[in-house]
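There are 4 protein chains.
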Amino acid sequence: MRSGRHFLQIPGPTNTPERILRAMHRSVIDHRGPEFAELGLGLLRDLKPVFQTEGRVVIYPASGSGAWEAALVNVLQPGDQVLMYETGQFSTLWKNMATKLGYDPIFIAGDWRRGVDANLIADALAKDTDHKIKAVCVVHNDTATGITSDIGAVRAAIDGAAHPALMMVDTISSLGSIDFKTDAWGVDVVVAGSQKGLMLPPGLSFNAISEKAWAACQAGGDRRSYWDWRDMMTPNDAGYFPYTPATTLLYGLREALDMLAGEGLEQVFARHERHASATRAAVESWGFEILALNPDERSNSLTAVLMPDGQGGDALRAEILDGFDMSLGTGLNKVADKIFRIGHLGDFNDLMLMGTLSGVEMGMIRAGVPHQSGGAQSALKYLADHRI
Amino acid sequence: MRSGRHFLQIPGPTNTPERILRAMHRSVIDHRGPEFAELGLGLLRDLKPVFQTEGRVVIYPASGSGAWEAALVNVLQPGDQVLMYETGQFSTLWKNMATKLGYDPIFIAGDWRRGVDANLIADALAKDTDHKIKAVCVVHNDTATGITSDIGAVRAAIDGAAHPALMMVDTISSLGSIDFKTDAWGVDVVVAGSQKGLMLPPGLSFNAISEKAWAACQAGGDRRSYWDWRDMMTPNDAGYFPYTPATTLLYGLREALDMLAGEGLEQVFARHERHASATRAAVESWGFEILALNPDERSNSLTAVLMPDGQGGDALRAEILDGFDMSLGTGLNKVADKIFRIGHLGDFNDLMLMGTLSGVEMGMIRAGVPHQSGGAQSALKYLADHRI
Amino acid sequence: MRSGRHFLQIPGPTNTPERILRAMHRSVIDHRGPEFAELGLGLLRDLKPVFQTEGRVVIYPASGSGAWEAALVNVLQPGDQVLMYETGQFSTLWKNMATKLGYDPIFIAGDWRRGVDANLIADALAKDTDHKIKAVCVVHNDTATGITSDIGAVRAAIDGAAHPALMMVDTISSLGSIDFKTDAWGVDVVVAGSQKGLMLPPGLSFNAISEKAWAACQAGGDRRSYWDWRDMMTPNDAGYFPYTPATTLLYGLREALDMLAGEGLEQVFARHERHASATRAAVESWGFEILALNPDERSNSLTAVLMPDGQGGDALRAEILDGFDMSLGTGLNKVADKIFRIGHLGDFNDLMLMGTLSGVEMGMIRAGVPHQSGGAQSALKYLADHRI
Amino acid sequence: MRSGRHFLQIPGPTNTPERILRAMHRSVIDHRGPEFAELGLGLLRDLKPVFQTEGRVVIYPASGSGAWEAALVNVLQPGDQVLMYETGQFSTLWKNMATKLGYDPIFIAGDWRRGVDANLIADALAKDTDHKIKAVCVVHNDTATGITSDIGAVRAAIDGAAHPALMMVDTISSLGSIDFKTDAWGVDVVVAGSQKGLMLPPGLSFNAISEKAWAACQAGGDRRSYWDWRDMMTPNDAGYFPYTPATTLLYGLREALDMLAGEGLEQVFARHERHASATRAAVESWGFEILALNPDERSNSLTAVLMPDGQGGDALRAEILDGFDMSLGTGLNKVADKIFRIGHLGDFNDLMLMGTLSGVEMGMIRAGVPHQSGGAQSALKYLADHRI
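Residue numbers (the numbering used here), protein chains in the order written: chain A, 1 to 388; chain D, 1001 to 1388; chain W, 2001 to 2388; chain Z, 3001 to 3388.
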């Protein structure tokens, strides 16, 4: 029995807004009936501005991992080379998936502290003179490291190499939180999920699809059924889906899209930037290091904080969960126990952030983690001084 | 603006009980934290009695179609023959999926009015002396035709042929409604979904897995990632999942399992049988024909009703939706417009059934569909005379 | 563990629509803040058309009984005579309350099978030459007997007698179900509650107040505080209340008013009339007698059905609750065990009514209550033949 | 469109826990049926330990003001003297109500900065040699001033004077937050509401009743109906109520009682004390004065903070609401605009408190209210240093 609200400050799933939970509390309707068609058409239409695309967006009743798989199997053929880039655990997992699915990933190694170096992409593409590489896959915001890569630079690298590879980007922890321009950046396949900036519970994921990717899908792709974009198109045009959709999550999506439109995407991005800046001010005050070395690459949706030598991140997280009922993100794989991650994305505001950062600081005190006090206070000052 | 509750009498998704919607109206928790582990372990444990198995059950954040795909890709290799059986649209769709995924289905043709003839299975297996057929796939209860096949007889046919093929069964519209004995019938892979007898919204699906299927999965199977049973096992043992689960649907599943256990599976099956019998009494009184020719194969979860010559099922359905705010199932593919389907499964009771059948009869009157009046009255008598 | 939805067919509280429960599932806001003011002003404005008045409407966080008390104490002084009329248990209870509160009710006796005879009111007022009678109090629709009285005739009687008494009317089970014209009928104080035609859970009640009643309140009335209309007016003008309002019920009221406006009051009344007519057709078919002798006085929100000699209504109700999970209204006081009451008001539709009437007929069969079968079938025909 | 959760930090209604909103999201049941009886009996039984009484507790579908009125009218007769004590706006309002209802309050004046001086009670009672004073009425925790009075001392004063007056105490903002011992302190009538420590939305209120008060009620009391304890007793014994109860709020009450029992009352009180102490540490750090002069009388459920000279509390509150989406309590009556009030009661935890206090400090910065920075930081230290 804990009193008060749990603070779910992992970098997603995020705190589900009351409005969205309420919208989902509704009886299921006939997914083949006229009322559903209206819902479906509206969703497919209103998702586009969130992706900043005029192209196709498809919705899967699946986790984000499903949308990764969909991106690959719709355009690749077994043995196809894909150029992927290590920015953290999630780019690693996507690479592992590509391997399991029978593709041939070229994985540009990273140190988990820097984003995509577009020059290395350019180099790799330049070497690929016979265009064996069919796709370049990067993670816009790696949730494991809090590193945001420059997608426009990746676009420029591909264009500079005059390489025909498709460009695929995972925006699972950036869409609806950090500016992402599908069309302007020429992204061919976008991978997104419901449970981060879209503020929904997990269970839906998305692909946005360029004309080039759609052509590739029609011309080829792998053996596929559940993920097949082609099966989506005709029913989607009428507001329906080829198999039973996750209706209650779609009710929530309707509400989420209305909320994002109501606040305005520009305002949403500015809000995330402001909370991230305040968080970084706190981390600096504590005397801790942010995992992302390059200030331009520090994520606006989460902050990964390096523990001092000899201090385990998981012990701190456990103390904070036990003492203050807040969940923080753990360090994964190469940074296991070396970092903890603070999610500051989704349906969030200044006072929730202050509760969050205060909880981190109180946890450090209780856990005996050496730090300079006053981090929360620094964030407070930042927020008070920076009106939005 | 319609007054009162919509009657969702398609054969699934079914009317979601208030208890389940309420259980789902809860903030998402950390899917890597200790509270989640307790939830996950409980679900994985308590699903087993619903499947009547001691074996493994896996949960996908996906529609039922995903669990079809999972069943195939975990054990089959490209080009593998699978023996499938046409009992309606859903067996047809599963066959189409097998083709798309690169397997080689042998499809025993049916007329959509009869269930699986186990002799034909036996014959096909007997001919397959070099055991090219790797799996026999049947649909326990074809949702498009309301035909329930004898799965024990299929088991006997396989055993009689001493054939090593795996036996896979789709129970999407029977699990939790019609007795299904995974272990007793030696089913190797069960395919199930959340939105029928389990009373949940759509968005979850399931495989139950025998030791034999598990061995096949480990020894081979296709290229796969999202659906890979192997990735599930280690996290599942601790109550977790390999990727983000659909947490709110899992809350609903917890409630659904408690409800089924509270009522008792035997009682649940008896209730469905009773409502189906009352529905069949109504159909006979109206002078209509049930699509399923064999009384033993008439489904207890839905009833497909043949329209009289010259009368379209879809016009009747539209009249009923417009006039009485009830959704019925349409005729699909070979029986398009020739039938309508009444769902009487899930969270249902006598008075809901009487509202449903009265709505059908009133719709016939309004639509000018010739019939003998008194079908609802016959069902009323049946229900009053047959205590459960 | 009962499967399916309970049928709550008492004549109120009524089946709460999902929309209203959802609207109430919202965090409480500051009842002194600007967001609340907007809510409050909208409610106080939009209640008026439901009461068909241009006058004041006040909202109490209280049951309907509270609004009875409020009506009396705001305008009466101890010892004041009030002319009241026995149409059933609820008029009796209001009379008892008047006595307890120190007023002097003259109670015109009734036999619980007829509504108000306006001639008797006229006679009583004619005799009251020195105008000791300060108020005439009648129940528009007595929930205990299913009798609807002619309020226009009462108005005419008062006017005919040129008597200055205030006219007070209880519309608890008629407002939002049966046409009630506060201003056109010159009603000075209306008493209403949330849990019937307004479709809300219980917990709110209302007074509509004419100018004449408001003048009486300001000039006199009894000692009072919680119920004092005077304390309401200034805060109400700004959208607030003098003490903490029942915020979540007000959220529900917002939704209810939107639902009634969306359907249209005329349509709402026609729907209730249609369902009542179908119910009466069923009762006649069963060979049962309706308690209300005068067809013009038969309620459109509930039907009180007389049991045959030697048959107890409560045994039948218990059988129906036990066997079919439906709650019906009991017989109260003078008609205890002699009747049962079917509520057919609020958020209701044809199929819910057919479930209801089928449940009554099945209950009669099970309980061994002699009846002619086919009542539900008669209602079915009525509904099919009478489009709205 | 505000992002994130509103902080409702008025001293009630408090932040409604998700569990309670969820419990209330349930269809209404028959308030005369067997399922209701079980609910009612459980509530009436389990309220007693919360009041720390073995006596009667009654539940009203009404605001707290209704329970004030009920306390008076059940035992007093017109003209009866009641000794009341000014500790803030709510004691003043209760006094005003007593006057309106025709009783004769003797109001011991206070300066709104100190609690009840039991000596003054003793003096007044000593002078009342012919026992005209029928009741002593005090507010345990005056919500307008954040002052908690010593109820045991009042008991001692009455006993010391050997005076037969009943002792009535308002615990609206203390019950379930600050230790209150109905029986041990010999309180005859307790007045409580749902929307503070009980964590429910407003709409229910309570009286706890001693044997002495019950005897007074039966022997006398005023004209009354809605509030009459006598009408409650027989139905309550069976789990029912004399008129329609506010069923959905009762569902919420069931959950609230389970939550309080789950946490344990001692733990609940300690939690409130700890949050109040941290808040006071913040106020001191800011260099502000707490309205309550006597440290022993500083409330554990709210803190009233004096503004510096020349600074208006309402401008600060408006800035905080606008800039940080938090509602704080206003200054009422004698302290209008001179104070603001921070509610830290109900379903609350450390991180919510840190968000709250950070919001106050950020508001001061934005509003240009002179203060010493670091108040939130002081609270943080307090919380980190004081494990519960």
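Calculated directly from the structure, the hints in this document are not laboratory data.
Ideal Cβ positions, reconstructed from N, Cα and C, are used throughout, including at glycine.
Treat the hints loosely; a few may be bogus.
[To be verified] Partial list, computed: chain Z residues near chain A (C-beta under 10 Å):
| no. | residue |
| --- | --- |
| 1 | Gln3081 |
| 2 | Gln3267 |
| 3 | Asp3347 |
| 4 | Asn3349 |
| 5 | Ala3384 |
[What the hints assert, rightly or not] No farther apart than 30 Å at their CA atoms in a straight line, the calculated lysine-lysine pairs in the DSS-like style are these:
| no. | chain 1 | residue 1 | chain 2 | residue 2 |
| --- | --- | --- | --- | --- |
| 6 | A | Lys212 | D | Lys1048 |
| 7 | W | Lys2181 | W | Lys2048 |
| 8 | A | Lys100 | D | Lys1132 |
| 9 | W | Lys2100 | Z | Lys3127 |
| 10 | A | Lys100 | D | Lys1127 |
| 11 | D | Lys1127 | D | Lys1095 |
**Item:** Gln3081(Z) as chain A interface residue, shortest Cβ-Cβ below 10 Å
**Value:** violated (42 Å)
**Asked** Does the alpha-carbon distance linking Lys2181(W) and Lys2048(W) stay inside the 30 Å limit?
**Response** Satisfied, since the Cα-Cα distance of roughly 11 Å is no more than 30 Å.
**Message:** Need the status of pair Lys100(A), Lys1127(D): alpha-carbon distance at most 30 Å?
**Reply:** Violated: Lys100(A) and Lys1127(D) sit about 35 Å apart, past 30 Å.
**Lys2100(W) paired with Lys3127(Z) [C-alpha distance capped at 30 Å]** = violated (35 Å)
**Message:** Does the closest beta carbon of chain A sit nearer than 10 Å to the beta carbon of Asn3349(Z)?
**Reply:** At 3 Å from the nearest chain A Cβ, Asn3349(Z) passes the 10 Å test, so the hint holds.
**Prompt:** Hey, Lys1127(D) versus Lys1095(D), does the alpha-carbon distance stay inside 30 Å?
**Reply:** Holds - the C-alpha atoms of Lys1095(D) and Lys1127(D) are around 20 Å apart, at most 30 Å.
**Request:** Quickly compare the C-alpha distance for Lys212(A) and Lys1048(D) to 30 Å and report which way the hint goes.
**Result:** Violated. Lys212(A) to Lys1048(D) sits at ~46 Å, over the 30 Å cutoff.
**Message:** Take the shortest C-beta to C-beta distance between Asp3347(Z) and chain A; is it under 10 Å?
**Reply:** holds (6 Å)
**Request:** Using Cβ atoms only, decide whether Ala3384(Z) comes closer than 10 Å to chain A, and label the hint accordingly.
**Result:** holds (4 Å)
**Message:** Does Lys1132(D) sit within 30 Å of Lys100(A), going by the straight-line distance between their CA atoms?
**Reply:** holds (25 Å)
**Message:** Does Gln3267(Z) hold up as a contact with chain A if the rule is Cβ-Cβ below 10 Å?
**Reply:** holds (8 Å)
The structure fails hints 1, 6, 9 and 10 (numbered hints given earlier, in ascending order).
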